[in-house]
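Just so you know, the sequences run in chain order A and B. First residue of the first sequence: 1, per the UniProt record's numbering; consecutive thereafter. First residue of the second sequence: 1, per the UniProt record's numbering; consecutive thereafter.
Just so you know, these hints were derived from the structure itself, not from any lab. Incorrect hints may appear among the rest.
In this list, chains with the same sequence are indistinguishable; a pair is considered to hold if it fits within one copy or across any two.
Unchecked claim - Calculated pairs, DSS-like style, for lysine-lysine (alpha carbon to alpha carbon, straight line, at most 27 Å): (1) 182 to 56; (2) 60 to 49; (3) 139 to 87; (4) 182 to 71.
Number of protein chains: 2
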Amino acid sequence: MSQNRIPIALSNRHLHISREHLNKLFGENYELTKLKDLKQPGQYAAEEKVDLIGPKGTIKGVRVLGPVRNKTQVEISFADSFVLGVKPPVRDSGDLKDSAGVTIVGPQGEVVLDEGVIAAARHIHMTPDEAMVWGLKDKDVVNVRTGGQRSVVFENVLVRVNAEYALEMHVDLDEGNGAGVKNNDEVELILEQQ
Amino acid sequence: MSQNRIPIALSNRHLHISREHLNKLFGENYELTKLKDLKQPGQYAAEEKVDLIGPKGTIKGVRVLGPVRNKTQVEISFADSFVLGVKPPVRDSGDLKDSAGVTIVGPQGEVVLDEGVIAAARHIHMTPDEAMVWGLKDKDVVNVRTGGQRSVVFENVLVRVNAEYALEMHVDLDEGNGAGVKNNDEVELILEQQ
């Protein structure tokens, strides 16, 4: 069983930001300042933070992740969504059509985002070599057991395969705290009996 | 399968309070004011709220549930525990030995609680008749599937049987939001194949 173990990471609310919106929120030609590298190669937490304003409330100090992307994408938990009063669909990263909106406030301006707010679908990043060992391919859907006193089996877990990825399962804070796991805990990929 | 459906309820942070502590926090011989009945017979949400203060932070406006109990019991989620900086064990209601502490502040005084703070273990209330139909007894442990896009299977779900109970599964906000369920959604009791 030990070869079916995958480290888990709990994602707090955050946003990926477009060049256009970075300019509006932080100023023309502003460059993000790296705070620390994330486990996925090339991705980093930036020093910069913004506030999110919804119809029901505000969440201050939401971290920006780098590098800049084509589209701004705000990832929040359902707990966050109730504070803001928005209804994010559960979506894979990048699938933003008809997702929720929110107002983003930065030090130099604000952006009224019509769509781009999602609750990220739980997923596993892995390399083609790792996928091959498990008999998996990109976009497969698997189950994962967390184990322990608060054990849950996460169903509908999306497999993402790319040579640039590092092996890691991503859940949001609601999901991680509800299962009693913390960053770098190992969870168990449940493989179908052949 | 429809006969294996159970309504779920998401418990926000709350506390049950002893007579001694009600006196200290709200004044001698103070009586709780019922805000609304809960589904479990005799239990109610009170108008009264208190603040919780831990080593790392404060959570304001935590609701008191009635009626008064023998011991004060504070139920918080893991998300709450990180805000407060306390480490509640996952426990069944009433099992408070060596649990976490917190300072409780009310309008008339404060209580330094040495133990009584827990993360409530997920559980199902049911009557003896319901238990019999499912072949279950008090303190059995079962699995429950939430279904839907964010489906999880909750493992280690405690069965509590009492003639005074109403059929209902209880989880905390982390667990419920992580599974994408809301109050009164129906979840599926997974019965072992015989």
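Hint-by-hint comparison with the structure:
Taking the shortest Cα distances, residue 182 and residue 56 sit within 27 Å of each other only across copies (18 Å), while inside one copy they are farther apart (30 Å). In this homomeric assembly, residue 60 and residue 49 come within 27 Å of each other (Cα to Cα) both inside a single copy, at 8 Å, and across copies, at 25 Å. Taking identical chains as interchangeable, the C-alpha atoms of residue 139 and residue 87 lie at most 27 Å apart only when both belong to the same chain, with a minimum of 25 Å there against 37 Å between chains. Neither within a single protomer nor between protomers do residue 182 and residue 71 lie at most 27 Å apart by alpha-carbon distance, with minima of 29 Å and 31 Å respectively.
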